[in-house]
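Asks: Using the sequences plus the hints, can you model the full thing?
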Amino acid sequence: MSLFQPIFSTKPEPGRKPEQVLTLQEFIDLLLEEEKYWGDDQHNTKLIITRLRKIFYDQWGWNQELIRGAANIEGRYLITVVDDAADHSKPIHQYKNNEYVPKHRTVTYRPDDKIYGDTRVGQTPEIYKNDHQEVLLPDGSYCDVAHILAGLDAHNHPQVVSPLPNFLFFLNFMCPHVDSNSDIVTWLGDIASSSGDFLFDYLKNGKQPLSESGEEKDILKDAPGSDMLGNIESFVIAGKYNIGSDKGMSFTEILSDYYLRESGREHRNQRMRLYCEAIGLKGWDGEYFTNESPWLKYYHRQLRDNIAFQVMSLTAEKLSSIWYPLLIWFNFYRDVLKIDTLLNIYLDTLKVELKKELKL
Numbered sequence: 001m002s003l004f005q006p007i008f009s010t011k012p013e014p015g016r017k018p019e020q021v022l023t024l025q026e027f028i029d030l031l032l033e034e035e036k037y038w039g040d041d042q043h044n045t046k047l048i049i050t051r052l053r054k055i056f057y058d059q060w061g062w063n064q065e066l067i068r069g070a071a072n073i074e075g076r077y078l079i080t081v082v083d084d085a086a087d088h089s090k091p092i093h094q095y096k097n098n099e100y101v102p103k104h105r106t107v108t109y110r111p112d113d114k115i116y117g118d119t120r121v122g123q124t125p126e127i128y129k130n131d132h133q134e135v136l137l138p139d140g141s142y143c144d145v146a147h148i149l150a151g152l153d154a155h156n157h158p159q160v161v162s163p164l165p166n167f168l169f170f171l172n173f174m175c176p177h178v179d180s181n182s183d184i185v186t187w188l189g190d191i192a193s194s195s196g197d198f199l200f201d202y203l204k205n206g207k208q209p210l211s212e213s214g215e216e217k218d219i220l221k222d223a224p225g226s227d228m229l230g231n232i233e234s235f236v237i238a239g240k241y242n243i244g245s246d247k248g249m250s251f252t253e254i255l256s257d258y259y260l261r262e263s264g265r266e267h268r269n270q271r272m273r274l275y276c277e278a279i280g281l282k283g284w285d286g287e288y289f290t291n292e293s294p295w296l297k298y299y300h301r302q303l304r305d306n307i308a309f310q311v312m313s314l315t316a317e318k319l320s321s322i323w324y325p326l327l328i329w330f331n332f333y334r335d336v337l338k339i340d341t342l343l344n345i346y347l348d349t350l351k352v353e354l355k356k357e358l359k360l
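Per our numbering, the sequence shown starts with residue 1, numbered consecutively.
The hints are simulated quantities; they were obtained by calculation from the structure and are not laboratory data.
From the three backbone atoms N, C-alpha and C, an ideal C-beta is built for every residue, glycine too.
Mixed in with the good hints there might be a few duds.
[What the hints assert, rightly or not] Pairs of lysine to aspartate or glutamate residues, derived as EDC-like cross-links and limited to a Cα-Cα distance of at most 20 angstroms, are as follows:
| # | residue 1 | residue 2 |
| --- | --- | --- |
| 1 | K355 | D139 |
| 2 | K114 | E13 |
| 3 | K36 | E126 |
| 4 | K103 | D113 |
| 5 | K221 | E13 |
[What the hints assert, rightly or not] Derived Cβ-Cβ restraints for the label pairs, each shown as a range:
| # | residue 1 | residue 2 | range |
| --- | --- | --- | --- |
| 6 | L326 | K204 | 34 to 42 angstroms |
| 7 | F169 | A86 | 32 to 40 angstroms |
| 8 | A278 | G140 | 18 to 26 angstroms |
Replies: Set out below in structure tokens:
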């Protein structure tokens, strides 16, 4: 067996049954309800993307580290993080003493909701129930739409991701940092999640190397095809639609155009080429990109620092949350993290899919 990074999938994420997944149109109908809540602001494309993204991703790290430019934009719902699972809550990965002990994110109506007032306080909105963000596309593949929203919001609020405050970003070379928040909230962050779990599994198992099947299980859990496709789509949509407009298309109009109309077919049919260009891969000759070596070298450092952030955010103990990221930054655990392996298998999959696309 050799490791594989999917970017397309014709089945839902591990642990979900096809009958639990909404179609794209069903999910768009739910999104429409959320957009209408904001009245005329639904056509403020940049603002509505943030507000919809915050339904799914709106913890401290998103506001203080990943998309600082949207930190003060308030969403519709009350977001809380609790220790124990509740109805329709979603787990937030966390490790304590190298054991998985997640917290749980809940999304509920506020008491001053403009439509329901205080009649739905404590209830979870339909759009957040049952992990609805993963949808079935018309072509039979699965896609996580919340990943599209996260990527688009980062595109609208670009920044370096660093523990330093904005005014000290010129000192980023002195500490771990990722040059693009669009990378870290999408494809690079998902790959970092796989690598981080390689490390936690290694530590949990008495520092015994993982089997390839164990590593592949982490990849499918942390970076499944539906997530990775959503990541790719965010770059394509950002390049082909005016997502930063303050008076333009609503997000549902963009989704409908891209996936359901003939006008979006041209973009979808060249999504792999557009995506590869967007992340800096150049000079495709039918087999290889001419800059693969410098691209891999650059993203080795980017992924290493992303993993350091990932491990820090998931580690409950204060000392370990500093110690492990420092070791990663100083290139310890190289054999465990498999940074180059993960980047290479991702690049290999991109090339396979690009070849398929060019034959269409």
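Asks: Confirm or reject each hint.
Replies: How the hints compare with the structure:
Restraint check: the Cα-Cα separation between K355 and D139 comes to about 18 angstroms, which is no more than 20 angstroms; the hinted pair holds. Pair hint K114 plus E13 does not hold up; C-alpha atoms about 34 angstroms apart against a cutoff of 20 angstroms. Distance hint between K36 and E126 is fulfilled; the C-alpha atoms sit about 15 angstroms from each other, no more than 20 angstroms. Proposed proximity of K103 and D113 is contradicted: the alpha carbons are some 26 angstroms apart, above 20 angstroms.
Restraint check for K221 and E13: the C-alpha separation of about 7 angstroms stays at or below 20 angstroms, so the hint holds. Between L326 and K204 the CB atoms are about 20 angstroms apart, so this pair departs from the stated range of 34 to 42 angstroms. The beta-carbon spacing between F169 and A86, approximately 38 angstroms, falls within the hinted interval of 32 to 40 angstroms. A hinted range of 18 to 26 angstroms for the beta carbons of A278 and G140 is consistent with their spacing of about 25 angstroms.
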